[in-house]
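Participant: Next come the chains, spelled out residue by residue.
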Amino acid sequence: MATQHSRAAARLMISPAVALLLIWMIVPLTMTIWFSFQQYNLLYPDRTGFAGWSNYVYFVTDFRFAPAIRNTLVLVLGVLAITMIGGILLALLLDQPFWGQGIVRLLVLAPFFVMPTVSALVWKNMFMNPVNGFFAHIAKAFGGQGFDFLGQAPLFSIIIMVAWQWLPFATLILLTALQSLDREQMEAAEMDGAGPLSRFVYITLPHLTRAITVVILIQTIFLLSVYAEILVTTNGGPGTASMNLPFLVYLASIVDNDVGMGAAGGVIAIILANIVAFFLMRAIGKNLDA
Amino acid sequence: MARRIPTARKTLTTAAAWTTGLVIFFPILWIVILSFKSEGDAIAPPLTMLSAPWTTEAYTTVQERSDYFKHFWNSVVISVGSTLIGLAIAIPAAWAMAFVPGRRTRDLLMWMLSTKMMPAAGVLVPMYLLFRNFGLLDTRIGLVGVLTLINLPIIVWMLYTYFREIPGEILEAARMDGATLRSEILYVLTPMAVPGIASTLLLNIILAWNEAFWTLRLTAANAAPLTAFIASYSSPEGLFYAKLSAASVMAIAPILILGWFSQKQLVRGLTFGAVK
Amino acid sequence: MGQIELSQVTKGFGDVTVIPPLDLRIEDGEFVVFVGPSGCGKSTLLRLIAGLEDTTSGRITIDGRDATDLSPAQRGLAMVFQSYALYPHMSVRKNIAFPLKMAGVPEEERARRVEAAAKVLNLTSYLDRRPGQLSGGQRQRVAIGRAIVREPKAFLFDEPLSNLDAALRMGMRLEITELHQRLKTTMIYVTHDQVEAMTMADKIVVLNAGRIEQVGSPLELYRRPRNLFVAGFIGSPKMNFVTGPEAARRDAATIGVRPEHIGISRDGGDWKGTVGVAEHLGSDTFLHVTTEHGMITVRAGGEVDAAHGDTIWLTPDPAHVHRFDAGGARL
Ligand SMILES: Nc1ncnc2c1ncn2[C@@H]1O[C@H](COP(=O)(O)OP(=O)(O)O)[C@@H](O)[C@H]1O
Ligand SMILES: [Mg+2]
Numbered sequence: 001m002a003t004q005h006s007r008a009a010a011r012l013m014i015s016p017a018v019a020l021l022l023i024w025m026i027v028p029l030t031m032t033i034w035f036s037f038q039q040y041n042l043l044y045p046d047r048t049g050f051a052g053w054s055n056y057v058y059f060v061t062d063f064r065f066a067p068a069i070r071n072t073l074v075l076v077l078g079v080l081a082i083t084m085i086g087g088i089l090l091a092l093l094l095d096q097p098f099w100g101q102g103i104v105r106l107l108v109l110a111p112f113f114v115m116p117t118v119s120a121l122v123w124k125n126m127f128m129n130p131v132n133g134f135f136a137h138i139a140k141a142f143g144g145q146g147f148d149f150l151g152q153a154p155l156f157s158i159i160i161m162v163a164w165q166w167l168p169f170a171t172l173i174l175l176t177a178l179q180s181l182d183r184e185q186m187e188a189a190e191m192d193g194a195g196p197l198s199r200f201v202y203i204t205l206p207h208l209t210r211a212i213t214v215v216i217l218i219q220t221i222f223l224l225s226v227y228a229e230i231l232v233t234t235n236g237g238p239g240t241a242s243m244n245l246p247f248l249v250y251l252a253s254i255v256d257n258d259v260g261m262g263a264a265g266g267v268i269a270i271i272l273a274n275i276v277a278f279f280l281m282r283a284i285g286k287n288l289d290a
Numbered sequence: 001m002a003r004r005i006p007t008a009r010k011t012l013t014t015a016a017a018w019t020t021g022l023v024i025f026f027p028i029l030w031i032v033i034l035s036f037k038s039e040g041d042a043i044a045p046p047l048t049m050l051s052a053p054w055t056t057e058a059y060t061t062v063q064e065r066s067d068y069f070k071h072f073w074n075s076v077v078i079s080v081g082s083t084l085i086g087l088a089i090a091i092p093a094a095w096a097m098a099f100v101p102g103r104r105t106r107d108l109l110m111w112m113l114s115t116k117m118m119p120a121a122g123v124l125v126p127m128y129l130l131f132r133n134f135g136l137l138d139t140r141i142g143l144v145g146v147l148t149l150i151n152l153p154i155i156v157w158m159l160y161t162y163f164r165e166i167p168g169e170i171l172e173a174a175r176m177d178g179a180t181l182r183s184e185i186l187y188v189l190t191p192m193a194v195p196g197i198a199s200t201l202l203l204n205i206i207l208a209w210n211e212a213f214w215t216l217r218l219t220a221a222n223a224a225p226l227t228a229f230i231a232s233y234s235s236p237e238g239l240f241y242a243k244l245s246a247a248s249v250m251a252i253a254p255i256l257i258l259g260w261f262s263q264k265q266l267v268r269g270l271t272f273g274a275v276k
Numbered sequence: 001m002g003q004i005e006l007s008q009v010t011k012g013f014g015d016v017t018v019i020p021p022l023d024l025r026i027e028d029g030e031f032v033v034f035v036g037p038s039g040c041g042k043s044t045l046l047r048l049i050a051g052l053e054d055t056t057s058g059r060i061t062i063d064g065r066d067a068t069d070l071s072p073a074q075r076g077l078a079m080v081f082q083s084y085a086l087y088p089h090m091s092v093r094k095n096i097a098f099p100l101k102m103a104g105v106p107e108e109e110r111a112r113r114v115e116a117a118a119k120v121l122n123l124t125s126y127l128d129r130r131p132g133q134l135s136g137g138q139r140q141r142v143a144i145g146r147a148i149v150r151e152p153k154a155f156l157f158d159e160p161l162s163n164l165d166a167a168l169r170m171g172m173r174l175e176i177t178e179l180h181q182r183l184k185t186t187m188i189y190v191t192h193d194q195v196e197a198m199t200m201a202d203k204i205v206v207l208n209a210g211r212i213e214q215v216g217s218p219l220e221l222y223r224r225p226r227n228l229f230v231a232g233f234i235g236s237p238k239m240n241f242v243t244g245p246e247a248a249r250r251d252a253a254t255i256g257v258r259p260e261h262i263g264i265s266r267d268g269g270d271w272k273g274t275v276g277v278a279e280h281l282g283s284d285t286f287l288h289v290t291t292e293h294g295m296i297t298v299r300a301g302g303e304v305d306a307a308h309g310d311t312i313w314l315t316p317d318p319a320h321v322h323r324f325d326a327g328g329a330r331l
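Chains as they are written, first to last, in the working numbering: chain A, 1 to 290; chain B, 1 to 276; chain C, 1 to 331.
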């Protein structure tokens with residue numbers, strides 16, 4: 001349906017969006033890469049110049065780097081494990097007929113809309129606080145002791161908070177995918193003598209594969225950048241126990257004022273995210289042709 | 001073809017589903033309760049707390065002491081502003097890509113998506129310096145700009161998936177009927193696209209409202225939206241559970257309501273149309 | 001007026017040529033049907049005429065004026081789409097009035113013309129409904145209504161009946177033919193159904209892979225198909241083709257006989273065969289007969305009681321045997 005005339009108009013209509021995104025992509029990215037090779041500390045504005053790979057070397061050999069990478073991975077994998085398993089089970093449950101489906105759906109969905117700072121502070125104070133938190137009260141009611149979640153198991157605690165926020169996302173998407181499953185296919189399988197378990201393994205799970213892939217990849221993108229939750233709860237501590245890569249970049253560049261080193265960390269974060277992005281884009285791109 | 005579900009089974013499912021739902025929702029329910037208690041009661045053991053008298057004291061204190069409404073207004077301006085600007089830029093682009101697809105439309109869409117993959121931490125340094133040098137730190141306009149850019153790909157994608165569902169023959173019919181590009185958009189496309197645009201608007205307000213990296217890093221006292229305002233409770237003085245609860249409830253309530261309305265569109269928007 | 005002429009028109013999508021150079025002249029007031037198998041380029045050709053696609057090369061003139069670079073709206077043609085393409089958010093009234101509104105026709109005049117069109121198409125009581133509340137046939141009529149209010153130079157139809165069930169299709173076929181007789185406006189009608197082509201057209205254009213195989217009236221095409229393709233495409237059931245010695249005996253590579261031009265006998269004839277499937281339609285009987293020259297379909301009277309397994313003799317009517325050379329062209 002395209003004619004020369006409409007093509008020209010189309011190009012004109014697309015260009016503002018493209019121009020803006022192009023600038024948004026190129027300017028900060030080149031600046032990050034450029035700074036990462038510069039000696040640039042806001043505290044010592046006179047010491048400037050080409051730094052070679054030294055910023056990268058400093059960043060990678062920083063005593064916080066190895067724990068940050070490890071924590072980033074543990075955080076991503078931990079949250080993924082909880083939300084995927086929980087999400088599939090919940091989606092299967094909510095897909096059954098029961099009274100009040102609409103309301104339960106809303107209840108399950110709610111945490112996704114809670115801003116990260118609220119969620120983290122509420123968990124930290126009202127639930128995980130070793131003296132006045134909900135869990136401490138329960139423990140005391142049974143004659144136990146309040147557990148210092150953020151002091152003793154900081155990373156685990158953050159995983160719980162973040163998983164609480166993302167479980168609704170996984171559930172909602174898997175539920176949507178589940179509901180698009182062809183009923184006749186299920187009935188055919190039943191006629192063919194497949195029991196509930198075989199139906200799940202041979203029909204439901206393959207049908208969910210795409211949705212599962214997409215959920216994993218999108219969550220990974222967001223989970224690689226968890227920041228606010230750490231900022232308002234543990235500040236990466238105690239020590240480096242809950243430090244992840246974005247938080248380390250923030251510490252290096254904003255707190256320590258070392259622009260060059262922060263930029264080097266930024267480049268590493270970009271590379272990490274792009275490895276995931278590559279697979280995500282392939283999964284989504286396939287869908288464009290469908 | 002509906003089959004009868006045994007009532008016993010349905011009852012069991014109902015119990016299980018409601019229990020799970022309430023457990024997941026519990027933290028939110030809990031802060032709603034706490035926000036209506038006095039500070040002293042809020043730290044008491046649950047049963048004592050629940051039987052304590054109800055009060056709106058915490059809400060009054062939050063508003064009196066902390067400029068709550070200034071931050072609330074910042075959140076509104078930043079989320080609505082960035083969404084509207086984003087829509088203004090994205091609607092023509094998505095329209096063109098959906099109805100005049102070229103050989104490179106697909107690549108263009110994928111490229112736009114790829115800009116969304118850039119981790120915020122990766123460009124924190126230059127953004128911070130740019131903001132500082134241009135005097136944009138702690139301004140609403142600066143944040144509106146950044147949030148417009150980071151959400152633009154999602155807006156384009158969501159609109160694109162909606163527009164693509166409008167049959168091209170209808171637009172061709174309009175063209176045959178003598179509609180100019182302007183009247184085609186005004187009388188035919190827009191009315192058919194309004195539902196899609198509305199859901200895009202909602203989802204983006206939600207995303208922008210809850211954005212908690214740039215809003216924390218690029219603002220201080222003046223332009224701070226609710227995300228940053230709430231973060232100030234991370235180093236509290238004295239008893240503050242009721243106040244924190246009240247502030248939290250006020251910060252999440254509007255978006256929770258919007259979110260519940262837009263739950264169907266949420267799936268499509270957040271998966272870039274990969275799951276519908 | 002509505003005379004349309006295509007000269008040396010071609011169309012390619014990327015490297016794929018869909019329409020090789022093509023010439024065609026459509027006279028004012030004609031009912032022209034483009035017919036051909038799916039994917040042969042009928043829609044593309046129609047859309048080139050409509051202006052919804054740019055020609056790759058060549059010239060399109062409408063009433064003698066060069067229209068090659070005119071926008072669809074400027075060409076003054078109206079189109080009825082396969083999916084009807086009604087505006088779902090507008091009432092039937094507004095749908096029909098839309099082209100008038102775009103043309104800047106004043107309000108009262110618009111209302112008058114919509115009423116008139118609605119009356120012609122029996123839509124008067126549905127004017128305030130939305131398309132979603134109409135049946136398939138009614139939607140089809142709205143689409144036609146939207147086309148006729150503009151009083152276009154020509155109507156373009158792209159398989160307009162393919163989404164209707166058999167009974168409705170027959171009814172709409174008559175309605176469109178009647179409409180043409182009343183309006184006397186040029187109509188170009190695309191279909192893959194040769195029955196529609198035969199029953200509606202003044203002139204049929206048979207297309208195959210973007211090329212015009214033959215242009216002519218329905219009976220011309222039926223009587224003197226120019227090649228094997230047209231011979232096989234026009235007529236139902238299909239013409240029987242026989243090759244080998246039987247064809248050679250008549251100095252041809254292939255001979256073709258229509259099922260209705262074969263006589264049957266129990267006692268003797270040219271070809272001996274065994275009845276396979278016998279389809280009794282009441283008015284006719286179609287016999288599928290296995291002979292040494294292949295499967296031959298024969299149309300017999302409704303009362304013939306041939307059954308599976310019967311041996312019968314077939315004799316083609318020599319006046320109606322079509323002869324083709326090795327390249328498929330008519331001899
Ligand atoms: N926009 C397009 N891009 C590429 N190829 C196309 C396009 N439109 C049609 N074609 C190709 O052109 C040929 C003719 O299509 P069409 O005119 O729709 O056939 P018909 O209407 O006779 O079924 C087909 O092979 C089709 O694949
Ligand atoms: Mg077609």
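What the hints contain is simulated information worked out from the structure, not anything from laboratory work.
The structure presented is a predicted model; accordingly, all values stated were derived computationally and were not measured.
No residue lacks a Cβ here, since even glycine has one placed at the ideal position from N, Cα and C.
It cannot be assumed that every hint is accurate.
[Unchecked claim] Taking beta-carbon pairs under 10 angstroms as the criterion, some of the chain B residues facing chain A (in silico):
1) Ala15
2) Ile24
3) Leu84
4) Leu109
5) Tyr128
6) Pro153
7) Met192
8) Pro195
9) Ala221
10) Asn222
11) Ile255
12) Ile257
13) Thr271
[What the hints assert, rightly or not] Here are some chain B residues the structure puts well away from chain A; computed CB gaps all over 12 angstroms:
14) Pro53
15) Gln63
16) Asp107
17) Glu184
18) Phe213
19) Ser235
Participant: Compute the least Cβ-Cβ separation between Phe213(B) and chain A, then decide whether it is above 12 angstroms.
Facilitator: Incorrect as stated: the minimum Cβ-Cβ distance to chain A is 5 angstroms, not above 12 angstroms.
Participant: Taking the closest Cβ pair, is Thr271(B) under 10 angstroms from chain A?
Facilitator: 5 angstroms, holds
Participant: Can Asn222(B) be said to touch chain A, with a Cβ gap under 10 angstroms?
Facilitator: Asn222(B) check fails; min Cβ-Cβ to chain A is 18 angstroms, beyond 10 angstroms.
Participant: Over 12 angstroms to the closest beta carbon of chain A is the bar; see if Asp107(B) clears it.
Facilitator: Contrary to the label, Asp107(B) does not stay out of reach of chain A, its closest Cβ about 9 angstroms off (not over 12 angstroms).
Participant: Take the shortest C-beta to C-beta distance between Ile257(B) and chain A; is it under 10 angstroms?
Facilitator: Ile257(B) check passes; min Cβ-Cβ to chain A is 9 angstroms, inside 10 angstroms.
Participant: Just checking, Gln63(B) versus chain A, shortest CB gap more than 12 angstroms?
Facilitator: 17 angstroms, holds
Participant: Mind checking the CB of Ile255(B) against every CB in chain A and telling me if the closest is under 10 angstroms?
Facilitator: 5 angstroms, holds
Participant: Closest CB-CB distance from Pro53(B) to chain A, is it above 12 angstroms?
Facilitator: 19 angstroms, holds
Participant: Could you check if Leu84(B) really has its C-beta closer than 10 angstroms to a C-beta on chain A?
Facilitator: 15 angstroms, violated
Participant: Grab the minimum C-beta distance from Leu109(B) to chain A and call the hint holds if it beats 10 angstroms, violated otherwise.
Facilitator: 7 angstroms, holds
Participant: Restraint: Tyr128(B) near chain A, CB-CB cut 10 angstroms. Satisfied or not?
Facilitator: 7 angstroms, holds
Participant: A closest beta-carbon separation below 10 angstroms is what the hint needs, so does Met192(B) meet it against chain A?
Facilitator: 16 angstroms, violated
Against the hints set out earlier in the document, violations occur for numbers 3, 7, 8, 9, 10, 16, 17, 18, 19.
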